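S.K.: Residues per chain, in single letters:
2 protein chains.
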Amino acid sequence: MRSIIIASTSTIHGGQPLDYLLDELENHFKTTDEVLFIPYARPGGISHDEYTTRVAEPFGKIGKSVKGIHSFDNPKKAIAEAKGIFTGGGNTFVLVNQLYKNDILSSIKEAVNNGTPYLGTSAGSNICGLTMNTTNDMPIVYPPSFKTLGLVPFNINPHYLDPDPKSTHMGETRETRIKEFHAYNTQPVIGLREGSWIEVKGDSMVLKGNLDSRIFEFGKDPYEISANSDLEFLK
Amino acid sequence: MRSIIIASTSTIHGGQPLDYLLDELENHFKTTDEVLFIPYARPGGISHDEYTTRVAEPFGKIGKSVKGIHSFDNPKKAIAEAKGIFTGGGNTFVLVNQLYKNDILSSIKEAVNNGTPYLGTSAGSNICGLTMNTTNDMPIVYPPSFKTLGLVPFNINPHYLDPDPKSTHMGETRETRIKEFHAYNTQPVIGLREGSWIEVKGDSMVLKGNLDSRIFEFGKDPYEISANSDLEFLK
Chain A
169 MRSIIIASTS
179 TIHGGQPLDY
189 LLDELENHFK
199 TTDEVLFIPY
209 ARPGGISHDE
219 YTTRVAEPFG
229 KIGKSVKGIH
239 SFDNPKKAIA
249 EAKGIFTGGG
259 NTFVLVNQLY
269 KNDILSSIKE
279 AVNNGTPYLG
289 TSAGSNICGL
299 TMNTTNDMPI
309 VYPPSFKTLG
319 LVPFNINPHY
329 LDPDPKSTHM
339 GETRETRIKE
349 FHAYNTQPVI
359 GLREGSWIEV
369 KGDSMVLKGN
379 LDSRIFEFGK
389 DPYEISANSD
399 LEFLK
Chain B
169 MRSIIIASTS
179 TIHGGQPLDY
189 LLDELENHFK
199 TTDEVLFIPY
209 ARPGGISHDE
219 YTTRVAEPFG
229 KIGKSVKGIH
239 SFDNPKKAIA
249 EAKGIFTGGG
259 NTFVLVNQLY
269 KNDILSSIKE
279 AVNNGTPYLG
289 TSAGSNICGL
299 TMNTTNDMPI
309 VYPPSFKTLG
319 LVPFNINPHY
329 LDPDPKSTHM
339 GETRETRIKE
349 FHAYNTQPVI
359 GLREGSWIEV
369 KGDSMVLKGN
379 LDSRIFEFGK
389 DPYEISANSD
399 LEFLK
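Chains as they are written, first to last, in the working numbering: chain A, 169 to 403; chain B, 169 to 403.
In short, the hints are calculated from the structure, not lab data. One or more hints might be untrue.
Copies of the same chain are indistinguishable here, so a pair counts whether it falls within one copy or spans any two.
Lysine-lysine pairs mimicking DSSO-like chemistry, simulated, CA-CA at most 30 angstroms apart [to be verified]:
#1 Lys376 x Lys277
#2 Lys315 x Lys347
#3 Lys235 x Lys347
#4 Lys269 x Lys315
#5 Lys334 x Lys347
#6 Lys235 x Lys269
Because the structure is a prediction, the values reported are computed rather than measured.
Could you build the full structure based on these sequences and the hints that come with them?
M.R.: This is the structure in structure tokens:
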């Protein structure tokens, strides 16, 4: 049975990486002591090794070790044999580019659909949607495609941010950007605020955490859904 | 002689579109009564017609008419024959995609290098840099390349935004994003705050407006330069 956690962020304000999710993760990865980490998104441009070391710390707190996919000779085989997969945040363009380079998008999709528990945060959540067209990241590299895993039948906008009524900045709000997305695309988008995640179990998809999420459907005004909502209606 | 204005934004907080630039523009476009407008960036997904109508208003105040490039049968010819060109803001991915579709990047570059006065705001400024890799926009469509006009020998980050020390949001700051850019690219980036513009006259490039700009060079700490600085050193 598919078992996926799609989290808006790894870290909430004032917290340590993953600490708000650790209870969930202990259960999510209960069938394994080792998690395969995909560090390709390289936040701040750090190395794969450095990112893997950083991620090992919170996982250590729940008794799991972490191994970076870059330390395997054959990444496809590493994914096929993994008992748990975590893709961390950073830059979605860099992540997707590297996934295409190593030709492992289909490997991840197959493993997850066959039941390997998957965790994504930020960029690692973006790739769970149909495409990466609703990332917030800067296009610092040019990936061969914006198509991603499609583990859920909609797009993700992580770190969803409400317009700041006091702002004097004239750049587009997140809501405007997603509206522009719908001038060219029709799939729904879920704006996941920091602290929210989507829990996928088999065919069920539920919004978790304490916060509402904002839903953008093509041709409709955006609206809020509350925590614990079933996301079945977005199919 | 090349004559280019590369503006961070069309509109500053509390102002009307282009009003802070109108005196400059009257002089910039003094040799023509008609400006060719490139509305491809479609802010908020509005139509080319609607965007052109919107832009005609401020230009009317300085006695110029505006004609949208979409109303010409042959956009290459429209550019070659234009006496002034303005590319407006919106979504840079949408803009660049359409410029490639119509195969007119080289036409614009040629016209501008031959002296046709050019104005860009926001997305229309982004494309003056070497690449669009430092846009802030959401990648809502997939353009065939991120390479842009290269009218200046660096990249532009329009609507440059300083980190907000009070923010509780965990998404990347603009500075972090540009640092990530330099993990993969070496050209300098100028963070143009709203109200700043670059004035190019022949080979000279000067920062205009009242604000400092933030410079990001590969392998260096970012730093500020003041208004009226010569940008020659970024070559």
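S.K.: None of the hints should be skipped; say for each whether it holds.
M.R.: Hints, one by one, checked against the model:
Taking CA atoms no more than 30 angstroms apart as the test, lysine 376 paired with lysine 277 passes inside one copy only; the shortest distance there is 22 angstroms, against 51 angstroms between copies. In this assembly of identical chains, the alpha carbons of lysine 315 and lysine 347 lie at most 30 angstroms apart whether taken from the same copy (19 angstroms) or from different copies (25 angstroms). Taking the shortest alpha-carbon separations for lysine 235 and lysine 347, only the inter-copy value of 26 angstroms comes in at or below 30 angstroms, while the best intra-copy value is 39 angstroms. For the homomeric pair lysine 269 and lysine 315, the shortest alpha-carbon distances inside one copy (14 angstroms) and between copies (20 angstroms) are both at most 30 angstroms.
In the homo-oligomer, the alpha carbons of lysine 334 and lysine 347 lie at most 30 angstroms apart both inside one protomer (21 angstroms) and across protomers (28 angstroms), since each shortest distance falls under that limit. For the identical chains of this complex, lysine 235 and lysine 269 are intra-copy neighbours only, at 20 angstroms inside a copy versus 44 angstroms across copies, given an alpha-carbon limit of 30 angstroms.
In summary, the structure agrees with every hint in the numbered list given earlier.
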